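Novice: Position chains V, F and Y against the provided structure of chain R, taking the given hints into account.
Protein chains in written order, with our numbering: chain R, 45 to 261; chain V, 45 to 261; chain F, 45 to 261; chain Y, 45 to 261.
Think of the hints as simulated: they come from the structure by calculation, not from any bench.
Since this is a predicted model, take the numbers as computed values, not measurements.
Fair warning: there could be bad hints in the mix.
What the hints assert, rightly or not - List of simulated lysine-lysine pairs, DSS-like, C-alpha gap at most 25 Å:
| id | chain 1 | residue 1 | chain 2 | residue 2 |
| --- | --- | --- | --- | --- |
| 1 | Y | LYS214 | V | LYS142 |
| 2 | V | LYS211 | Y | LYS142 |
| 3 | V | LYS142 | F | LYS142 |
| 4 | Y | LYS211 | V | LYS211 |
Stated by the list, open to error - Footprint (simulated), chain V over chain Y, 3 or more residues, beta carbon under 8 Å:
| id | stretch |
| --- | --- |
| 5 | 128 to 141 |
| 6 | 167 to 181 |
Using N, Cα and C, we set each Cβ at its ideal position, and we do this for glycine too.
There are 4 protein chains.
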Amino acid sequence: MKPLIVLNFKTYAESTGENALRLAMAAKQVASDSGVTIIVVPQIVDIFYISQHIEIPVYAQHIDGIEFGGHTGHVLAEALAQAGARGTLINHSERRLKLAEVDAANEAAKRAHLTTIICTNNIATTRAAASLNPDFVAIEPPELIGSGIPVSKANPEVVTGAVEAAKGIKVLCGAGISKGEDVKAAIELGTDGVLLASGVTKAPDPKEALQNLVAFV
Amino acid sequence: MKPLIVLNFKTYAESTGENALRLAMAAKQVASDSGVTIIVVPQIVDIFYISQHIEIPVYAQHIDGIEFGGHTGHVLAEALAQAGARGTLINHSERRLKLAEVDAANEAAKRAHLTTIICTNNIATTRAAASLNPDFVAIEPPELIGSGIPVSKANPEVVTGAVEAAKGIKVLCGAGISKGEDVKAAIELGTDGVLLASGVTKAPDPKEALQNLVAFV
Amino acid sequence: MKPLIVLNFKTYAESTGENALRLAMAAKQVASDSGVTIIVVPQIVDIFYISQHIEIPVYAQHIDGIEFGGHTGHVLAEALAQAGARGTLINHSERRLKLAEVDAANEAAKRAHLTTIICTNNIATTRAAASLNPDFVAIEPPELIGSGIPVSKANPEVVTGAVEAAKGIKVLCGAGISKGEDVKAAIELGTDGVLLASGVTKAPDPKEALQNLVAFV
Amino acid sequence: MKPLIVLNFKTYAESTGENALRLAMAAKQVASDSGVTIIVVPQIVDIFYISQHIEIPVYAQHIDGIEFGGHTGHVLAEALAQAGARGTLINHSERRLKLAEVDAANEAAKRAHLTTIICTNNIATTRAAASLNPDFVAIEPPELIGSGIPVSKANPEVVTGAVEAAKGIKVLCGAGISKGEDVKAAIELGTDGVLLASGVTKAPDPKEALQNLVAFV
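Excised from the complex, chain R in its bound form:
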């Protein structure tokens, strides 16, 4: 099985505005060359620009569980979809939501036919998130985020535990992923792919970093 690579652009200088477009282009090329699906997750303000120029799945970093109405400053599913987004992260560790909001965000995204990835921090919250019926859950142990130590190596039990707790909902794993062998390990532990950020976006050559990531396939 080919893994899914979800590349979170966060708010790094290297992945904002023009740089975001460039990074998305690199991701598209690597995806085309390798046959691996790479999803790019730019800042919300950059979604339209990227989806307009590049044929690659673009996801949002956040969505709110709202409907049309008076919700200044919030992120509306229908607006994301119209701008070209095809999915969204929900409850990322840097943008946690209340339990009822996670559910409402997941439902709002589905209403607009957006694929949903609910992020979680441990096995218990993975079980809870999976019970809300998203398309994916993505487990990222907070102590490993940005550590450079891949979760698949540091704590394989949390990954296999998450896969079991998800009861059939597809699982991604994140935190510390930067090499092809990390992706391979993630797949071998039962996940469908990885969620990563700085390992690629802040690499000296992001395209090369992506190529290395998919090289094992």
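Specialist: Relative to the frame of chain R, chains V, F and Y by itself:
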């Protein structure tokens, strides 16, 4: 003096995506015809699309007090500026921020040369917001939002009190504004303009509503 | 089976300070007379006063998922336990928590041997909350809170759906409960009891209201 | 002038429950012996126990800007006052509030005759907080909290700047305070006293730490 009209698109169906573009076009025409400055405030995901197509000042509905870095799902000043935004609301009643965040958001926006409008709910918070040195404060008594009763009529003392409390920082007023006479009253009470939303966005003919709004000038 | 009555004091004048003590006394008498377990849930600042004077299970309205440390203004499990609390609500509709916080709060409470009741708003979040393994989940459809219309009558399917989704975790239901027949209906729908507030605390005679509540047993 | 010492108990094991009572007793003795006013700020659940047993001003760590009503899990001014609290921190760095909430909390506290201390993180937010007319502002530069480096030494300009920005509202300073000379420096920079926590609560002998703190007077 000509008033400033700040038109908040919120997340209404009538002001999302294609509809947002259409509404911005109407605003541009009314602004050109009347000589009144109209600022449009679409959802963040719609900023690029509008600023790319229409010559009109576009502001964001929200900004976070962050710098480049790991801030998934947050709104970065530099990303807004690159996408064409020229200013931003801060602390809107539907997206309130912590005190330290209001300050940080105001500083982040200035760093990217974005004009700042801090929203407030009463005279005391207007005084506090103005002391942070934004370009504007916008007072909106929460009990009047969406009421159809203009703050300039229902509670003129809160407007004059806000102007006094702002100590030279320019003041906008909002809540219940929908007619030219409301704008006129706001100016006579010492403000520089108005912040409004549903009175225009949900009007049967938004362009006509904008024309009526600027007709008294 | 005898139902469990959980009486949330909220922050009403009728259930603050001396009034809280009086209400807890009434609850104790009704519990003794009827053999029904009544749990009182006063404000956190009133827990010590009540637990010191009255032999009745006292729960907290909120707990934070923290450990000993620098957490000014937060609610620590061990401090609640030392003050006499024997359990706690988590994620009440008026004090919603992030998903990871619900999990952490539930774990913190267990660490201090406090019984946990996670509050939820619909079937999906009940399933998610139950998967975190609390002692109870309490479903309260937000549209019925304070309505005077009992959830057991207005929407029995949401109650039976919650009982099924909870997969063996005990379920309470709330919103609109004020009479003995509401409690009876709740039990017949498969719950272990009810969570209620204003139906008793704001009754002309709270003791009589409690007596009516347990009269059907 | 004699300084004001505000001792935040946070949620440390050393200052919870029975330990909180013991620490408050030590504070009382040092206050009596030295003539310096020491205010103790225990966890909310410990306020009643301490105020019942010891004659010392007890403040809350947090208060919500609410009135009597349905506010489960929130902190009500009148309940604090009935339990013996005589003042409260507002917007502590570990429990930040939205701007409108800071104002509402300050007003709620005044309504119940509680002395208010609004905490701030820099000169700008000190100016904003002071404009809300609390009894005190307490500036704590976040980078120095728990550092052991007293703000009065590391950054005296931020203290004098805060005193100036407060325009007559009394100022406390915090972060890194642990010795008598830090208190002395704080007073010389124009403040009325200090807000401190771990320097005393986690000292091997808290009473001795407090004696050292007031020794310079």
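Novice: Does LYS142(V) sit within 25 Å of LYS214(Y), going by the straight-line distance between their CA atoms?
Specialist: At roughly 22 Å apart (the allowed maximum being 25 Å), LYS142(V) and LYS214(Y) satisfy the hint.
Novice: Against chain V, does the stretch 128 to 141 of chain Y show at least 3 residues with beta-carbon separation below 8 Å?
Specialist: holds (count 3)
Novice: Would the hint linking LYS211(V) and LYS142(Y) be met if the CA-CA limit is 25 Å?
Specialist: Holds. LYS211(V) to LYS142(Y) sits at ~22 Å (cutoff 25 Å).
Novice: Is LYS211(Y) within 25 Å of LYS211(V), Cα to Cα?
Specialist: 15 Å, holds
Novice: Can the restraint linking LYS142(V) and LYS142(F) be considered satisfied, given a maximum Cα separation of 25 Å?
Specialist: 17 Å, holds
Novice: If you look at each residue in the stretch 167 to 181 of chain Y, do at least three have a Cβ nearer than 8 Å to any Cβ of chain V?
Specialist: holds (count 8)
The earlier numbered hints are all upheld by this structure, with none contradicted.
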